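Q: The listed protein sequences correspond, in order, to chains A and B. No gaps in the numbering here: position 10 of the first sequence is 10 in this note's numbering, and each next residue is one more. No gaps in the numbering here: position 5 of the second sequence is 5 in this note's numbering, and each next residue is one more.
Warning: the hint list may mix true and false statements.
[Claimed, not checked] Mimicking DSSO-like on lysine-lysine, the simulated pairs with C-alpha atoms at most 27 Å apart in a straight line are:
1. K117(A) x K58(A)
2. K105(A) x K57(B)
3. K9(B) x K105(A)
4. K83(B) x K57(B)
5. K70(B) x K9(B)
6. K105(A) x K69(A)
7. K105(A) x K14(B)
8. K71(B) x K49(A)
9. K70(B) x K105(A)
10. K22(A) x K49(A)
11. K71(B) x K105(A)
12. K49(A) x K57(B)
13. K57(B) x K70(B)
[Stated by the list, open to error] Pulled from the structure, derived: some chain B residues nowhere near chain A, Cβ distances all over 10 Å:
14. Q6
15. H29
16. Q41
17. S73
[To be verified] Per the computed footprint, the stretches of chain B lying under chain A, defined by three or more beta-carbons under 8 Å from a beta-carbon of chain A, are:
18. 11–25
19. 101–110
Hints listed in this document are in silico derivations from the structure and should not be mistaken for laboratory results. Please read all numbers here as calculations on a predicted model, not as lab measurements. Where a beta carbon is used, it is the ideal one built from N, C-alpha and C, also for glycine.
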Amino acid sequence: AQSVAQPEDQVNVAEGNPLTVKCTYSVSGNPYLFWYVQYPNRGLQFLLKYITGDNLVKGSYGFEAEFNKSQTSFHLKKPSALVSDSALYFCAVRAGEGIKAAGNKLTFGGGTRVLVKP
Amino acid sequence: DGGITQSPKYLFRKEGQNVTLSCEQNLNHDAMYWYRQDPGQGLRLIYYSQIVNDFQKGDIAEGYSVSREKKESFPLTVTSAQKNPTAFYLCASSIDHYEQYFGPGTRLTVT
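Generate coordinates for the entire structure from the input sequences, incorporating the hints supplied.
A: Okay, structure coming up:
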């Protein structure tokens, strides 16, 4: 079974400082990895994905994530956080091609709330 | 939230009543999904459909039913058999089985 762990319920950071949101995963075969952001009472917005290729993936709003196969991690990063980055962040995983994961199901982590203080 | 609409945004029902949540997409996506979100628990998959007239149970399908008669529409019915239906419900769709695109959600309160 596939799973995602986001070990921090909340991350606090001062505006202008680097932001990191941690994610580790477990899946059969090669993973497809995703990050989403959710603002209050809204749906999830796609930020970025890792499918194959370069381990450093760049996404929307200045976010990036680094895939580390040996550590089974996919941490989300932003060099300089903004107050508007305050939101709930979700990491998700699914099995890659060649693995008969039913319905291409995504498994989500429990979410990490990010609070950026001015 | 792209081309996925969910209605209504807020829904209130009495215990014992069935209720249907709407999800429509104009993205021409083949696959559609329903998730339930509870505080501190992330998203859990209720049902998904990869093609019209076909759908599969997710991880928490008990007490829910769906239909997929049209590519654009994937309504979810929360039945009286669902023991704890109060939650935030999210619909999503995808075309290439990679990232999913989410609607704005429906917050259901059952009293």
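Q: Each of the hints needs a verdict: does it hold here or not?
A: So, going through the hints one by one against the coordinates:
The hinted pair formed by K117(A) and K58(A) meets the criterion: a straight-line CA distance of about 24 Å does not exceed 27 Å. Taking the CA atoms of K105(A) and K57(B), the gap is near 11 Å; set against the 27 Å cutoff, the hint holds. Proximity of K9(B) to K105(A) is assessed by CA-CA distance (about 25 Å); at most 27 Å being required, the pair is judged to hold. Between the alpha carbons of K83(B) and K57(B) the distance comes to roughly 17 Å, so the proposed pair stays at or under 27 Å and holds.
This hinted pair checks out: K70(B) and K9(B) have alpha carbons roughly 22 Å apart, not beyond 27 Å. At roughly 21 Å between alpha-carbon atoms, K105(A) and K69(A) fall within 27 Å of each other, so this suggested pair holds. Taking the CA atoms of K105(A) and K14(B), the gap is about 32 Å. The hint is violated against a cut of 27 Å. Using a Cα cut-off of 27 Å, the hinted pair K71(B) and K49(A) holds, with the two alpha carbons roughly 26 Å apart.
Straight-line distance between C-alpha atoms of K70(B) and K105(A) comes to about 21 Å, which keeps the hinted pair within the 27 Å bound. For the suggested pair K22(A) and K49(A), the alpha carbons sit about 15 Å apart, so the restraint of at most 27 Å is met. About 19 Å separates the Cα atoms of K71(B) and K105(A), which keeps this hinted pair within 27 Å; it holds. Distance hint between K49(A) and K57(B) is fulfilled; the C-alpha atoms sit about 25 Å from each other, no more than 27 Å.
Between the alpha carbons of K57(B) and K70(B) the distance comes to roughly 18 Å, so the proposed pair stays at or under 27 Å and holds. For Q6(B), the non-interface assignment is contradicted: its Cβ lies about 8 Å from the closest Cβ of chain A, within the 10 Å cut-off. At the 10 Å boundary, the C-beta of H29(B) stays outside the reach of chain A, the nearest C-beta of that chain being 12 Å off. Not every CB of chain A is more than 10 Å from the CB of Q41(B) (nearest about 6 Å), against its label as outside the interface.
Annotated as non-interface, S73(B) keeps its C-beta farther than 10 Å from every C-beta of chain A; the closest such distance is 17 Å. Evaluation of the coverage hint for the segment 11–25 of chain B: breached, as 0 residues show C-beta separations to chain A shorter than 8 Å, against a requirement of three. Look at the segment 101–110 of chain B against chain A: 6 of its residues bring a Cβ nearer than 8 Å to a Cβ of that chain, three or more, so the hint holds.
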